[in-house]
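Listed below are the residues making up each chain.
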Amino acid sequence: METLEKAPIRASAPVDTLAAALAAFASIPVEENPPWLKPIRAQARKSLDALGFPTTRHEEWRFTNIAPLLQLPLHPAASNGRQLTAADVAPFRMETDGLCLVFVDGWFREDLSSAPQQKGGLLLASLRAALAGSAPGLEAHLTRHAAFTESFFTALNTAFFHDGAFVSVPAGLIVEKPVQLLYLATASQQGAATQNRTLVLAGKGGSLKIVETYASLHESAHFTNAVTELVLDAEARVEHCRLQNENGRAFHVSTVQAVQAQGSQWTSHSIATGARLARNQVQTLLNAQGAEAVLNGLYLGRHEQLIDHHTVVDHAQPHCQSHEFYHGVLADRSHGVFNGKIFVRPDAQKTNAKQTNRNLLLSGDASIDTKPQLEIFADDVKCTHGATIGQLNDEALFYLRARGIGLAQARRMLIRAFANDVVERVTIAPAREHLDRLLQDRFADTTV
Amino acid sequence: MLEIRNLSAGVTGKEILKGLSLSVQPGEVHAIMGPNGSGKSTLAGVLAGRSEYAVTGGGVTFNGADLLEMKPEERARAGVFLAFQYPVEIPGVNSTYFLKAALNECRKARHEEELDAVEFLALVKNKTKLLELDPALLNRPVNEGFSGGEKKRNEIFQMAVLEPKLAILDETDSGLDIDALRIVAGGVNKLRRPDNATLVITHYQRLLNYIVPDFVHVLANGRIVKSGGKELALELEKRGYDWILEGVASGNNGKA
Chain E
1 METLEKAPIR ASAPVDTLAA ALAAFASIPV EENPPWLKPI RAQARKSLDA LGFPTTRHEE
61 WRFTNIAPLL QLPLHPAASN GRQLTAADVA PFRMETDGLC LVFVDGWFRE DLSSAPQQKG
121 GLLLASLRAA LAGSAPGLEA HLTRHAAFTE SFFTALNTAF FHDGAFVSVP AGLIVEKPVQ
181 LLYLATASQQ GAATQNRTLV LAGKGGSLKI VETYASLHES AHFTNAVTEL VLDAEARVEH
241 CRLQNENGRA FHVSTVQAVQ AQGSQWTSHS IATGARLARN QVQTLLNAQG AEAVLNGLYL
301 GRHEQLIDHH TVVDHAQPHC QSHEFYHGVL ADRSHGVFNG KIFVRPDAQK TNAKQTNRNL
361 LLSGDASIDT KPQLEIFADD VKCTHGATIG QLNDEALFYL RARGIGLAQA RRMLIRAFAN
421 DVVERVTIAP AREHLDRLLQ DRFADTTV
Chain C
1 MLEIRNLSAG VTGKEILKGL SLSVQPGEVH AIMGPNGSGK STLAGVLAGR SEYAVTGGGV
61 TFNGADLLEM KPEERARAGV FLAFQYPVEI PGVNSTYFLK AALNECRKAR HEEELDAVEF
121 LALVKNKTKL LELDPALLNR PVNEGFSGGE KKRNEIFQMA VLEPKLAILD ETDSGLDIDA
181 LRIVAGGVNK LRRPDNATLV ITHYQRLLNY IVPDFVHVLA NGRIVKSGGK ELALELEKRG
241 YDWILEGVAS GNNGKA
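Residue numbers (the numbering used here), protein chains in the order written: chain E, 1 to 448; chain C, 1 to 256.
Bound conformation, chain E alone (with noise of 0.2 Å):
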């Protein structure tokens, strides 16, 4: 029997924002657009009606009720938006002289950039300039990935991205030197929107490590949607590092999407630490043999912030392996999503994946929900998953207090031991003293 409960049901206050918004992006011009991009920002837009925008009635948005995004007046953040300098920006870099891409609500600035012509090679460029020319890859990547037509945000993404990075390392090149994407929020008007987009591809046997950062130089309740795909040939290696860390008022959306060839390698870090509502998508399609993903996560939330992680392991060939760890510190009223599908195809024997969250949460008030979603189609294979939620041990709180370290830092050394089991998997040098600074200040001021 049909029921009304079923037909989807929208304020009509947040459909006509909405509705305002997607006009106002709508209006960007995108005559660079080459033309293989045009039909698929058509069908984008038409997933974007076709999906609707997620509601906690969708099995997807449970926990996270993203509808409050809809209260503020969004639009697209303007080009010309804060006049920034290096010394702006040379906080949120990871080295001073490393190479690194520089994004200003959205759009590349080569000013504030350094990326020096690389020997080898390795490109890196803005997506905005490298879909005026033709690089290679691109249209054969960009876009092909991140299932538009399952997601509203990578919808509302590929429908409206004009800007972002194009990262290729040719087959065989080893890139030593760490690149950063810098993706900086500054509008200072509320509802300012960037679609933030990134592609990644790796050669044969070429090997990366790429660390993206979201931040916000303001306090005004701006909305981040990012897209990220990163495509592994045989043999490539990657670590892929994300840190977000937008200021507390904002709405941070993520789909970071992974395909994987034969015996390659893909490391990938989430660590979320700011945003009002971050919502953070991490797939990856291990898709020929021998393939290895390591997902780590690390979600810090205090005060009422939410913060939602959704991964995919999507084993769909055999001999593949699959780590995830992700950890959760929750304090004050925060509220953490861990949800961990694995799916193991009917092809996919001698697979072998684990999965793990743990969280521990530092006051009455914080919550998590946390749920391992196995599908496994083959017989032959080795999955494993485990969740905890859990406080501070106690013992171990009374044992540093009887030597002599007060309960503030006793609890902040213990916050700090369960975060380092996630940092301590980060493998790039820099985004690692970067990590390790960024979480001494954040758990110096936390109301512990």
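Incorrect hints may appear among the rest.
[As the list claims (entries may be wrong)] Here are some, though not all, of the chain E residues that point toward chain C, as calculated from beta-carbon distances under 10 Å:
no. : residue
1   : 122
2   : 404
3   : 420
[Claimed, not checked] Here chain C is said to cover these stretches of chain E; the calculated rule only asks that three of the stretch's residues, wherever they fall, bring their Cβ under 8 Å from a Cβ of chain C:
no. : stretch
4   : 389-399
5   : 407-419
Don't read these hints as lab results, they were simulated from the structure.
Note that the Cβ used here is the ideal one computed from N, Cα and C, for glycine as well.
Given chain E, put chain C in place with the hints provided.
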């Protein structure tokens, strides 16, 4: 130094210490002995500031200050050290980092300069020798993967670094073989000074062959029922606790 007067304490709904009194002066070693369940570990816990015990009567002063009003960390900084019966493993917290933080908190409280990394490591190197402790253990997280003997040695090592005024050894001999016992006791003896005191809490006399007490107290049913010199421990070893407990039961307060 330590004055315990008529102390009563317990956990919710159950009184364990029932009017215990004890006076410890600088330079003294006191042994608290008693059968299981007599309140030995409760006494150690109350003195160190474990929150699960509620004090229901009496009081404790430490160098004139009200010890029971102090937080656990304040007691440690004032010079009270508890060697744990079951040292806690703390994954992810490096031993050296932890101990340096602890020492510097104690030094700050004593208005002494904090030690930098180089000074601290020199101190540590010196003290590990005292306890024949493998310095490599200090690169590990606190107590993690330590054997039972290593954990107990690590407790006394921490004591050597922090140099407390009053050390409370809670069943430090339990789970130690004879060689480890000798090392641990040797460490404690070397740390004895005219200005510090030690409270050795133990079920067995064995440890007291190595750490020779000035006073031995028998704890039973939450009170000290008999006190004497080191020879009392030997008598307990020979005759067990029953003769004292019977004496208490028959009302002559252990003067059997």
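Structure-based check of all given hints:
Taken as an interface hint, residue 122 of chain E does not check out: its beta carbon lies about 36 Å from the nearest beta carbon of chain C, beyond 10 Å. Hint on residue 404 of chain E holds. Least Cβ distance to chain C is approximately 4 Å, under the 10 Å limit. Proximity of residue 420 of chain E to chain C holds as hinted, the smallest CB-CB distance being about 5 Å (cut-off 10 Å). With 5 residues carrying a beta carbon less than 8 Å from a beta carbon of chain C, the stretch 389-399 of chain E meets the three-residue requirement, and the given coverage holds.
With a threshold of 8 Å between beta carbons, the proposed coverage of the stretch 407-419 of chain E by chain C holds, since 8 of its residues qualify and at least three are required.
Hint compliance for this structure: hint 1 is the single one not met.
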